[in-house]
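Enquirer: Please arrange chain B on chain A, whose structure you already have, making use of the hints.
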Amino acid sequence: MMKAIYYYFERDLVKWLRGRITVISSLVMPAAWLVFVGLALPTKFTDNYIQFITPGILVMTTLFSSLQGGSLMIFDKILGFLNKFLAMPSPRESMLYGKILFISVRGLLQATVILLIATILGVRILNPVNIVLIYLTLFLFSVLFSALSTMIGLYLSDHDSYAAVNSMISMPLFFTSSALMPYDVMPAWLRTLARLNPVSYAIDSTRTLFEGGIPVHGIIGLAIGAGVVLLLGTYQFRKAVV
Amino acid sequence: MIEIRKLSRSFGNLLAVDNLDLDVGNEIFGLLGPNGAGKSTTVMMLTTLLRPSSGTAKVCGYDIVKDSKKVRSKISYVPQDMAVDRKLTGRENVLLFAKLYGIPNRNSKVDEVIEMMGLSDRAGDLVAKYSGGMRRRLELAQALVHEPEVLFLDEPTLGLDVSGRRKIWEHIKMLKAEGMTIFMTTHYLEEAEKYCNRVAIIDKGKVAAVGSPENLVSSIGENASLNDVFLEKVKTPEEQAGFNSTQFRNLLRRR
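Protein chains in written order, with the working numbering: chain A, 34 to 275; chain B, -8 to 246.
For reference, chain A alone in the conformation it holds in the complex (with noise of 0.2 angstroms):
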């Protein structure tokens, strides 16, 4: 099973990194809100507003690339691959897995890049075990969030329909998270839908980490979002394929 998996990862990973252009084009969108909006936007939320949205502009990285992952879950469905890897006798879930852990580890690496601007722009993460933790819990954001997109795609199977759910809901997930400002600054109305947003609460776990405190509570919580979002994705994947 773990093979399999890992087989599965490996092929997505090989394929993702010859379309160069994708490659190119996922890390550089991310470091253009770095840039644009972390430096540029004339904001008074706080002292340090680059240090402040760092974390934001890292789970929305791994937030829209989670979010778009499902689309390869479509492909492999309509070109006929996850017919051809289903009359396979490999365990049929690890294609499932393999999927959502490419997709995982795409957002990693789109997210190391963002830190590594952000570093150059002075952020400064003080304790090595944050950043591992920091890594933690966009992986478990991740998880969350590309078992989502791959439920969605397996049950749309058609490719217009999940670009129009994926933008109706990645922009307001994220306009209404704790991304762009602290609660303090916020209207009562948008301070209400950003404490419920799953999202805020991996900005927040992250933005914790960054000021050197361990959200041992947001890390839980976003792990047991994952494996229960996971549990959900693999119940639909099974009914779906047989």
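Hints are computed from structural coordinates only; laboratory data are not their basis. Just so it is clear, the structure is predicted and the values come from calculations on it, not from any experiment. Glycine is no exception: its CB is placed at the ideal position from the N, C-alpha and C atoms. Possibly wrong hints are sitting among the right ones.
[What the hints assert, rightly or not] Calculated cross-link-like contacts (lysine-lysine; reagent style DSS-like; alpha-carbon spacing at most 27 angstroms):
| hint | chain 1 | residue 1 | chain 2 | residue 2 |
| --- | --- | --- | --- | --- |
| 1 | B | K(-3) | B | K60 |
| 2 | B | K226 | A | K110 |
| 3 | A | K36 | B | K(-3) |
| 4 | A | K272 | B | K60 |
| 5 | B | K61 | A | K110 |
| 6 | A | K272 | B | K57 |
| 7 | B | K90 | A | K272 |
| 8 | B | K78 | A | K48 |
| 9 | B | K61 | B | K90 |
| 10 | B | K78 | A | K272 |
| 11 | B | K65 | A | K110 |
| 12 | B | K61 | A | K272 |
[What the hints assert, rightly or not] Quick partial rundown of chain A residues pointing at chain B, CB under 10 angstroms, derived from the structure:
| hint | residue |
| --- | --- |
| 13 | Y41 |
| 14 | E43 |
| 15 | F114 |
[As the list claims (entries may be wrong)] Just so you have them, the derived chain B footprint on chain A, three or more residues with Cβ under 8 angstroms:
| hint | stretch |
| --- | --- |
| 16 | 44 to 51 |
| 17 | 263 to 271 |
Expert: Relative to the frame of chain A, chain B by itself:
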């Protein structure tokens, strides 16, 4: 090798496969029929990709529902979509399958099947540069890497040029000579007549005729072909609607 008993599958109100009974031995067996006759549905049930609504089937002695994993370890399935990764090389495509099947000494096995399909000199090229015939042969190489006992092919020669088709058929014949059972669907009746040991014509999910191409053809009369058998046994909506040439000519004139 394959025993199909009262196999049925419906999608909503549509009965795609209706109480199908068939036995396939160690042979090249062709499943023929008009579009929508239930060919692909049958193949998908036999390859454990679709659960039958009722009835059973055994492949290599294993039940397709209860022992589906054992069935999958004995078969290979090549769907009609030509699903090979364009951004991987031919060799990488086959290697992926060898890894997933858990083949020991996979490198030499991969080289062997690539050689068998005549792709050795292009194995290092990206599949994006392959012709349709080469992609199809690459899919056969993927399917052969774990030495299946039964090979399921859905329209293996669809969309290929004459030489590409002949090459595929030569490979299929060679595999049969090596002892493999081949179960395939096709629309090219001339090819089925020439290469299949036995064929079944199905229509609306039911068997309309089954037997060797020679027997089916001779039952219709002299100088007949499998095409004649097909038209005799199968009444497609297109045919029943007929073609009104005067009406069509009038429509053309009106433009």
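Enquirer: The structure should be examined with respect to each hint, and the outcome stated for every one.
Expert: Going through the hints against the structure:
Taken as a hint, the B/K(-3) and B/K60 pair is honoured in the structure, with Cα atoms around 22 angstroms apart against an allowance of 27 angstroms. Under the criterion of a C-alpha separation no larger than 27 angstroms, the hint pairing B/K226 with A/K110 is inconsistent with the structure, at around 33 angstroms. Taken as a hint, the A/K36 and B/K(-3) pair is broken in the structure, with Cα atoms around 38 angstroms apart against an allowance of 27 angstroms. The hinted pair formed by A/K272 and B/K60 meets the criterion: a straight-line CA distance of about 16 angstroms does not exceed 27 angstroms.
Taking the CA atoms of B/K61 and A/K110, the gap is near 23 angstroms; set against the 27 angstroms cutoff, the hint holds. With a CA separation close to 16 angstroms, the supplied pair A/K272 and B/K57 stays within the 27 angstroms bound. In summary, the hint linking B/K90 to A/K272 is supported, as the alpha carbons are separated by about 26 angstroms, within the 27 angstroms threshold. With a C-alpha separation of about 6 angstroms, the suggested pair B/K78 and A/K48 falls inside the 27 angstroms cut-off, and the hint holds.
Proximity of B/K61 to B/K90 is assessed by CA-CA distance (about 18 angstroms); at most 27 angstroms being required, the pair is judged to hold. Of the pairs offered as hints, the one joining B/K78 and A/K272 is violated, with about 30 angstroms between alpha carbons and a cut-off of 27 angstroms exceeded. A C-alpha spacing of about 23 angstroms is found between B/K65 and A/K110, which places the hinted pair at or below 27 angstroms, so the restraint holds. Our distance criterion of 27 angstroms between C-alpha atoms is met by B/K61 and A/K272, whose separation comes to about 20 angstroms.
For the restraint placing A/Y41 at the interface with chain B, the shortest Cβ-Cβ distance is roughly 8 angstroms, inside the 10 angstroms limit, so the hint holds. A cut of 10 angstroms between beta carbons decides the hint on A/E43: the least distance to chain B is about 8 angstroms, and the hint holds. At its closest, the beta carbon of A/F114 sits 5 angstroms from a beta carbon of chain B; the interface hint therefore holds under the 10 angstroms criterion. Requiring three or more residues with a Cβ within less than 8 angstroms of a Cβ of chain B, the coverage given for the stretch 44 to 51 of chain A holds, as 4 such residues are present.
Only residues whose beta carbon comes within less than 8 angstroms of a beta carbon in chain B count, and the stretch 263 to 271 of chain A has 0; fewer than three means the coverage is violated.
The earlier numbered hints that this structure contradicts are 2, 3, 10 and 17.
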